[in-house]
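> Position chain X against the provided structure of chain H, taking the given hints into account.
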Amino acid sequence: MASLWINQLLQGILLGGLYALFATGLSLAAGVMRFINIAHGDFIVLTCYVLLVLTTTLGLNPVVATLIVLPAAFLFGFGLQRFLLQRVVGENVLLVILVTFGLSIIIENGLLEGFGADPQKISGGWLETATVALGAGVNVGLFQVLTFIAAVLLVAALDLLLYRTGIGAKIRAVSDDVAAADLIGLSSVRLYAIAMGISFVTIGIAAGFMSIWTNFDPASGPTRLLIAFEVVVMGGLGSLWGSLAGGIVLGVAQSIGGQFDIAWQTMAGHIVFLIVLALRPQGLFPKY
Amino acid sequence: MSMSASSPLLAVEGVSVFYGKFRAIDHVDVTVGGGEVVSIIGANGAGKSTLLKAIIGQADRVEGTIGFAGEDIIGRSTEAIVASGIMLVPEGRRLFPSLTVEENLRLGWDVGRKGEIGFADVWHQFPVLLQRRRQKAGSLSGGEQQMVALARALLANPRLLLCDEISLGLAPRVVNELYALIPDIKRRGIGILIVEQDIERSLAVADRFYCLLEGKVSLAGRPHEVTRDLVIKHYFGL
Chain H
1 MASLWINQLL QGILLGGLYA LFATGLSLAA GVMRFINIAH GDFIVLTCYV LLVLTTTLGL
61 NPVVATLIVL PAAFLFGFGL QRFLLQRVVG ENVLLVILVT FGLSIIIENG LLEGFGADPQ
121 KISGGWLETA TVALGAGVNV GLFQVLTFIA AVLLVAALDL LLYRTGIGAK IRAVSDDVAA
181 ADLIGLSSVR LYAIAMGISF VTIGIAAGFM SIWTNFDPAS GPTRLLIAFE VVVMGGLGSL
241 WGSLAGGIVL GVAQSIGGQF DIAWQTMAGH IVFLIVLALR PQGLFPKY
Chain X
1001 MSMSASSPLL AVEGVSVFYG KFRAIDHVDV TVGGGEVVSI IGANGAGKST LLKAIIGQAD
1061 RVEGTIGFAG EDIIGRSTEA IVASGIMLVP EGRRLFPSLT VEENLRLGWD VGRKGEIGFA
1121 DVWHQFPVLL QRRRQKAGSL SGGEQQMVAL ARALLANPRL LLCDEISLGL APRVVNELYA
1181 LIPDIKRRGI GILIVEQDIE RSLAVADRFY CLLEGKVSLA GRPHEVTRDL VIKHYFGL
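If you read the protein sequences in the order shown, they are chains H and X.
First residue of the first sequence? That's 1 in this note's numbering, and the numbers climb one at a time after it.
First residue of the second sequence? That's 1001 in this note's numbering, and the numbers climb one at a time after it.
So that you can see chain H by itself, here it is in the shape it has in the complex (with noise of 0.2 angstroms):
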């Protein structure tokens, strides 16, 4: 009996792995920017389309697609910021809400127009069902362990890019006062861009592995913006390692949650949610 519930565990902590992929990119984007991409989700749905695509059609490895991806998905969210976000930047928050909902309208209504309303899956091969066995009846997922630690070296990378280079020094400044930055020649035009390009690097890392996990059709963007939303403001707004902590928190408790009732796997994140929320706003590692 005690085994199901480590097991359970252990089930909710991996599938944090895959809730901190999804959510480092939007936290990062929401602590530079001080905005919220409603597309995020599609975005990674939309990409596991392309890695779809890519695996089906062209045969390719999935590994492969999905490094093929990565420096597109960086010229594409620079391109996104520094063509159309940059446009309605620091006018007005709502303006920025309407497009990325806009964005996310058409992205949903394309992947119907173009694939169907069928759900798709990447088989990821003998990787999906080899299992790690720890002992005592606790069996995992290679893959899901393999999730984690792309989640926590991917918050380690970003951790280092921003506190350790030069181009993160600049992104914080600009995050910290975007127009002292103007004023002393650091365009935050291009450092924006920059940072919404990173951010969807972790959009296509994400999808690279959901689409191994889990099925996915067109319409499965929003539950990821609302996982990842979630992940952001539990873990404190901008807070890298906090995101890990909320994918975590909240991978747990659905884990937990379902292996009560299967119906209550969903809510039982909700509620955790709205636990933390209540008992610390400002999440669990706050960054500001």
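Simulated from the structure, these hints should not be mistaken for lab results.
Watch out, some of these pointers could steer you wrong.
One side only, chain X facing chain H, incomplete, derived with CB under 7 angstroms [unchecked claim]:
#1 1026
#2 1078
#3 1079
#4 1096
#5 1098
#6 1107
#7 1134
Yeah, the Cβ is synthetic: ideal placement off N, Cα and C, and Gly gets one too.
Positioned in the frame of chain H, the structure of chain X alone reads:
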């Protein structure tokens, strides 16, 4: 290059700056030579800070010409202007509070021209900043923050330094310390344009000055050539 040797480092000619329909600066001419300290004085709203904004490329609509080292820089990005050798010490210091002192300084080095002024000079000139280099800039006192702002600007190795109200809100002792650095900056051949509310302080350090009144130059000259009464008259437009 012979042109730039004879023409001043900065030549603001017939410059007007608009905020919407409002003309904040009206056909202003200002020059600054290399190694020269020029003060802009004037009451609140006279257009002093607006002039600095126009020079650094942060004003929305500018007419006229702003020659720097012989080239018109109107329309250039702030990034390009800073890289070509003009750096601003902004009003209110405008450090990045969550960045360390050293990170703030490094930004100045990164955006500027690469030149002779390096971190060793800054640590030598401001020993207190060396001690505090790993501290967040937001945790420093006002005077120390102003030192960081000035050091950040110097690390950009400017040929022209713009100082906007560097004494504002600081204790006189700290202001004296900051102004004591000006002769050394001059000696390096850097031109300095100072905007300051404090007329006495501003005129004491300047080689030449301009007094702005409602967006126009109401008086210009050398501080020792004018009387205090004359300056006051043109300062308030009496």
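> It remains to establish, for every hint, whether it holds in the given structure.
Do the hints match the structure? See the list:
1. Annotation: residue 1026 of chain X was flagged as interfacial toward chain H, and the flag is violated, the nearest CB pair being 24 angstroms apart, outside 7 angstroms.
2. Checking residue 1078 of chain X against chain H by beta carbon gives a least distance of about 5 angstroms; that is within 7 angstroms, so the hint holds.
3. Taking 7 angstroms as the C-beta contact cut-off toward chain H, the hint placing residue 1079 of chain X at the interface holds, the least distance being around 5 angstroms.
4. Restraint check, residue 1096 of chain X versus chain H: the minimum CB separation of about 4 angstroms is within 7 angstroms; hint holds.
5. Interface hint status for residue 1098 of chain X: upheld, as the beta-carbon distance to the closest one in chain H is roughly 5 angstroms, under 7 angstroms.
6. Hint on residue 1107 of chain X holds. Least Cβ distance to chain H is approximately 6 angstroms, under the 7 angstroms limit.
7. Taking 7 angstroms as the C-beta contact cut-off toward chain H, the hint placing residue 1134 of chain X at the interface is violated, the least distance being around 12 angstroms.
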